[in-house]
Amino acid sequence: MSTDTDTTPQGAVTGLEKRIEQLRDGLGVFKGDRLGQIGIALVLVFVFVGVFARPITIEFLNVTIPGLAPHDPNARAVGGRLEPPSLAHPLGTTQLGRDVLSQLIAGTRVTLLVGSLAAFMAVFIGTNVGLISAYYGGWVDDVLMRITDIVYAVPFLPFAIVLVAIVGSSIVNIIGAIVLILWRSTARVIRSQVLSHKQRPYVESAEAIGASDVRIMYKHILPNVLPLAFLYAAFAVGYAVIAEASLSFLGFGDPNMLSWGEMIFTVYTADAIRQAWWWVFPPGIAITLFVMSVFFIGRTLEKVINPELRHQE
Amino acid sequence: MGLREFVVRRLVQLVFTFWAFFTLLFVLFRLVPGDPTSMFLLDGMTPEQREQRIAELGLDQPLHVQYVNYIEQLLTGDFGQSFIYREPVIDIIVVRFMNTIVLMGTALFFAYLIGVTFGALMGWWRGSRFERGGIIVTLVARSSPEFWVGIVLLSVFVFWLGWFPSSGMRTTGGELGGGFIQRYGSIDFLRHLFLPALTGAIVYLATPTLLMRSTMLDVLKADFVEIKKAEGLPEMTVLYKHAARNSVLPLVTVMAIATGAAMGGSVVIETVFNWPGMGREMVRAVNTNDYPIAMAAFFLMGSVVILMNFVADLAYVYLDPRVEYE
Chain E
1 MSTDTDTTPQ GAVTGLEKRI EQLRDGLGVF KGDRLGQIGI ALVLVFVFVG VFARPITIEF
61 LNVTIPGLAP HDPNARAVGG RLEPPSLAHP LGTTQLGRDV LSQLIAGTRV TLLVGSLAAF
121 MAVFIGTNVG LISAYYGGWV DDVLMRITDI VYAVPFLPFA IVLVAIVGSS IVNIIGAIVL
181 ILWRSTARVI RSQVLSHKQR PYVESAEAIG ASDVRIMYKH ILPNVLPLAF LYAAFAVGYA
241 VIAEASLSFL GFGDPNMLSW GEMIFTVYTA DAIRQAWWWV FPPGIAITLF VMSVFFIGRT
301 LEKVINPELR HQE
Chain L
1 MGLREFVVRR LVQLVFTFWA FFTLLFVLFR LVPGDPTSMF LLDGMTPEQR EQRIAELGLD
61 QPLHVQYVNY IEQLLTGDFG QSFIYREPVI DIIVVRFMNT IVLMGTALFF AYLIGVTFGA
121 LMGWWRGSRF ERGGIIVTLV ARSSPEFWVG IVLLSVFVFW LGWFPSSGMR TTGGELGGGF
181 IQRYGSIDFL RHLFLPALTG AIVYLATPTL LMRSTMLDVL KADFVEIKKA EGLPEMTVLY
241 KHAARNSVLP LVTVMAIATG AAMGGSVVIE TVFNWPGMGR EMVRAVNTND YPIAMAAFFL
301 MGSVVILMNF VADLAYVYLD PRVEYE
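Protein sequence lines correspond, in order, to chains E and L.
Note that UniProt numbering numbers the first sequence so that position 268 is 268, with each residue one more than the last.
Note that UniProt numbering numbers the second sequence so that position 95 is 95, with each residue one more than the last.
Keep in mind the hints are simulated off the structure, nothing from the lab.
Relax, there's no trap hidden among the hints.
Label pairs and their in silico Cβ distance ranges:
(1) L:E48 / E:G168: 32 to 40 Å
(2) E:L113 / L:F109: 33 to 41 Å
(3) E:D142 / L:Q73: 28 to 36 Å
(4) E:D25 / L:V94: 55 to 63 Å
Idealized CB from N, CA, C, for every residue including glycine.
Just chain E, with the same shape it has in the complex:
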């Protein structure tokens, strides 16, 4: 565990071997975990649908890959109004005659975009804050952790609503609001992990041979806490998607980007929830399925990181 010094060529080899060993171990856990496999399979399906939702034109090859959505999701009156599912419209139509299936497929993109971007940025900030806070200690730690405490005091949805009302509801602002709150849990967890790594011999020996602070933090300590950051990223994707959906449901979504949450908001404002089940249920089920598969992956990652959990089931 503690021979993780990359300063000699030999050290680099052992470091790499250790990583490969960890990776193999991780794959082994996924092989034995049904829920994790289901999670990965579902996420792959969502990514596929999201990427190929609308037609993609590759200019220099002069080809167009047709989109998965059978209709333009915003085209009015492709069918009748509030039609129940039929062959032409497998999930029926909206009150404006738009195709629900096409909207559902197009909405996948927004979900993937918000989920991955918000989670990446939140975990990126959180990991850096935790790393710097724990490594330097003293007043740096005090300042960063008090800021984290303050962010913990802010209730997410009310904050996001007010912020979006002030700066305008665009997808960038929504992701920003989510990131501003979501980084806090990663920061705390990474900090406590780094605190325990700081005491280990490999850090001391790196210090002894005069490695710079930045080098010790990012080259030596970071790889050891990175698996934990991945775990928090998986959960962060789930929370970010729920957050975006909730904001859109309340009517604060990006009016130019149709998301699943916004579809349900439209059903609500059109007062069609009582009859148009084909319009309400697909986006809701899609949100739950996506978040669920991300959480399944997270649970399996948890077992990779903490081998004790493997014996709990």
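Fit chain L to the known structure of chain E by using the hints.
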């Protein structure tokens, strides 16, 4: 560091956090689009009245003076007047706040009651089909946004079966009694309360269930459980009196934090069920630019979160003497 010193330090931190939160509110609501002074003015005022009102509110003062006045006002519960209701904000928000507390309190109570029982049984019958199924059910519940759970319950129990009223807190025209019992104890009220509270209970169920299960698994490894079993005590007695009791401890902390987090959830649940609470009021206020109400609601929600985080920290050290104060 002793317990007393820890509490004092935590109290200082509490005051500091409150101050930072007040400042954040001040900055946020001064960034409101348009003239920031407009949020404290009512429509239909003559220019002279406007001038007078601005002077009255101290909005012609330099920013730092305004800031001090603002903190004073918050501390004395003076949030100004609602633009829409034309009434003092505090009168409106207190009633809404009570409605939210009743709804979310009921939801959390059932979430923890069911969650703890369910989690304890899952840990006890480890490796069984019951446990595996239970984990999946909890994970699905946790993956569903509050509004979606609410809509599913609405569709099934209101639109399809017709068992419950669809929205609001009481039937229109219903007698509005003065006392607490008449207000929150009538059958009509409970029928309105059931679905929104159930929504909250389902959403907040996952955390206590999974936590209770994993602490149970740890406790069950301890020798004293084996000893009690060997003494020939009935299985349920060991489960309830010895194993479960020792597993409840970590839940207290989580419960306090969840209570704070439920403030955010109330915004969505109240919107789905048209519950006249603080969350729905806040959405309405932001949509109609009724900033004094929006600010007061945000202030109260944040305060609950801060206080609950404080309670969680204290409960943690108080209940577990092994904790080191750091």
